[in-house]
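Top line first, the protein sequences correspond to chains A and B.
Positions 117 to 322 (our numbering) are the ones given, in order, by the first sequence.
Positions 631 to 732 (our numbering) are the ones given, in order, by the second sequence.
Hints are supplied without guarantee of correctness; some may be wrong.
What the hints assert, rightly or not - Partial list, derived from the structure: chain B residues whose beta carbon lies under 10 Å from chain A:
no.: 1; residue: Ala-643
no.: 2; residue: Leu-648
no.: 3; residue: Ala-661
no.: 4; residue: Val-678
no.: 5; residue: Gln-691
no.: 6; residue: Ser-721
Unchecked claim - Derived DEER-like restraints, expressed as beta-carbon distance ranges:
no.: 7; chain 1: B; residue 1: Gly-686; chain 2: A; residue 2: Ala-123; range: 19 to 25 Å
no.: 8; chain 1: A; residue 1: Val-122; chain 2: B; residue 2: Thr-685; range: 47 to 53 Å
no.: 9; chain 1: B; residue 1: Gly-687; chain 2: A; residue 2: Asp-119; range: 22 to 28 Å
no.: 10; chain 1: A; residue 1: Asp-119; chain 2: B; residue 2: Thr-728; range: 51 to 57 Å
no.: 11; chain 1: A; residue 1: Ile-223; chain 2: B; residue 2: Asp-689; range: 24 to 30 Å
no.: 12; chain 1: A; residue 1: Gly-182; chain 2: B; residue 2: Arg-720; range: 29 to 35 Å
no.: 13; chain 1: B; residue 1: Asp-726; chain 2: A; residue 2: Phe-151; range: 24 to 30 Å
no.: 14; chain 1: A; residue 1: Gly-249; chain 2: B; residue 2: Ala-718; range: 42 to 48 Å
no.: 15; chain 1: B; residue 1: Asp-729; chain 2: A; residue 2: Ala-123; range: 50 to 56 Å
Hint data in this document are derived by calculation from the structure and do not stem from the laboratory.
Glycine included, each C-beta is placed from N, C-alpha and C at the ideal position.
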Amino acid sequence: MSDTLVAVVFYGLAIFTLSGAALVAFSRNIVHSAFALFATFVGVAGLYALMSANLLAVIQLLVYAGGILVLILFAVMLTSRIDEARVSNHAWGRQPAAWAVGGLTAILIYVAVKAPLKAPMIKGALGGPAAFGDALLGPYVLPFEIISMLLLAALIGAVTLARGRDAAEAAKLAKPAEAAAPVQAAEPAQAAEPAEAAEPAEEVNA
Amino acid sequence: MIIGLNHFQVVSALLFGLGLLTIITRRNAVAVLMGVELVLNAGLVNLVAISRYQTGGLDGQIFALFGVVLAAAEAVVALAIVLQLFRARRSVDTIDVTDMRG
Chain A
117 MSDTLVAVVF YGLAIFTLSG AALVAFSRNI VHSAFALFAT FVGVAGLYAL MSANLLAVIQ
177 LLVYAGGILV LILFAVMLTS RIDEARVSNH AWGRQPAAWA VGGLTAILIY VAVKAPLKAP
237 MIKGALGGPA AFGDALLGPY VLPFEIISML LLAALIGAVT LARGRDAAEA AKLAKPAEAA
297 APVQAAEPAQ AAEPAEAAEP AEEVNA
Chain B
631 MIIGLNHFQV VSALLFGLGL LTIITRRNAV AVLMGVELVL NAGLVNLVAI SRYQTGGLDG
691 QIFALFGVVL AAAEAVVALA IVLQLFRARR SVDTIDVTDM RG
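Could you build all of it, start to finish, from the sequences and the hints given here?
The following block contains the structure:
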């Protein structure tokens with residue numbers, strides 16, 4: 117790509133990303149904040165693609181926009197009541213926080229602009245799936261295994277936390293049939309998805 | 631005009647600032663988590679940009695990949711805690727959670 121085209125794409129992505137982030141920080145409705153977060157994640161994925169980190173851009177879309185954002189939306193829907201959704205995202209101490217954070221950001225930008233990092237972009241297409249696979253099962257195999265253990269720990273921890281103390285005690289004390297009920301109630305997200313997937317098929321059959 | 635490392639770092643710094651502002655000012659615990667995600671994304675953009683412009687190779691991208699996985703694990707556990715908090719108190723306002731204040 118020519119330098120001008122790269123510059124145009126970069127500024128477009130930067131404005132997209134930062135306006136999304138600004139909406140996350142300043143929107144009064146938390147649902148709007150959640151959807152603005154989607155714009156930020158997509159813009160960051162575009163920045164990765166601009167730096168020819170292709171696989172990382174795809175992973176960013178899959179994990180952040182597809183996974184974390186859906187989780188956050190579920191949490192928003194499950195925890196905020198409908199009648200207060202209009203002003204559901206209270207903020208406090210905004211003015212002193214804006215001064216402190218603005219000063220810090222100004223220092224960061226000053227360092228980023230003044231730092232002697234004038235190297236041009238290193239040529240060559242990096243970041244394809246084959247190179248990632250070689251690196252993950254070559255020099256980075258130990259971090260790869262450790263992070264798989266971390267994911268397992270997070271999985272077990274999240275299930276334990278989301279079940280709650282009441283459900284765990286009930287599972288110990290009561291009969292198995294009674295213990296299963298609060299677990300189902302605690303995970304409506306997983307129960308709802310198969311039902312939604314099944315509905316269109318029934319309509320087609322009818 | 632040539633887009634250099636400095637451009638990406640300025641975007642990263644602004645993203646970090648907005649994320650930090652979200653963490654500091656929001657009262658809703660889920661919104662605080664959104665700010666954490668913004669800050670993490672700013673750091674990952676910085677990693678990828680430095681590996682692209684200064685060192686070459688895949689090191690920064692692999693590190694960013696691990697960062698994405700860490701962010702996913704962190705979001706899952708934090709949201710489980712938030713849901714548990716909501717079940718206990720019918721509110722996810724960080725101002726209400728003062729049990730451990732001395």
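Structure-based check of each hint:
1. Ala-643: holds (4 Å)
2. Leu-648: Status holds, d = 4 Å.
3. Ala-661: At 6 Å from the nearest chain A Cβ, B/Ala-661 passes the 10 Å test, so the hint holds.
4. Val-678: This interface hint holds because 5 Å falls under the 10 Å limit.
5. Gln-691: This hint holds: B/Gln-691 lies near chain A, its Cβ roughly 5 Å from the closest one there, short of 10 Å.
6. Ser-721: It holds, given that the least Cβ distance between B/Ser-721 and chain A is near 8 Å, below 10 Å.
7. B/Gly-686 - A/Ala-123: 19 to 25 Å: Since B/Gly-686 and A/Ala-123 have Cβ atoms about 22 Å apart, the given range 19 to 25 Å holds.
8. A/Val-122 - B/Thr-685: 47 to 53 Å: violated (20 Å)
9. B/Gly-687 - A/Asp-119: 22 to 28 Å: Since B/Gly-687 and A/Asp-119 have Cβ atoms about 23 Å apart, the given range 22 to 28 Å holds.
10. A/Asp-119 - B/Thr-728: 51 to 57 Å: holds (55 Å)
11. A/Ile-223 - B/Asp-689: 24 to 30 Å: Check passed, 27 Å falls within 24 to 30 Å.
12. A/Gly-182 - B/Arg-720: 29 to 35 Å: holds (30 Å)
13. B/Asp-726 - A/Phe-151: 24 to 30 Å: At 26 Å between Cβs, range holds.
14. A/Gly-249 - B/Ala-718: 42 to 48 Å: holds (44 Å)
15. B/Asp-729 - A/Ala-123: 50 to 56 Å: About 52 Å separates the Cβ atoms of B/Asp-729 and A/Ala-123, which means 50 to 56 Å holds.
Checked against the numbered hints listed earlier, the structure breaks hint 8 alone; every other hint is satisfied.
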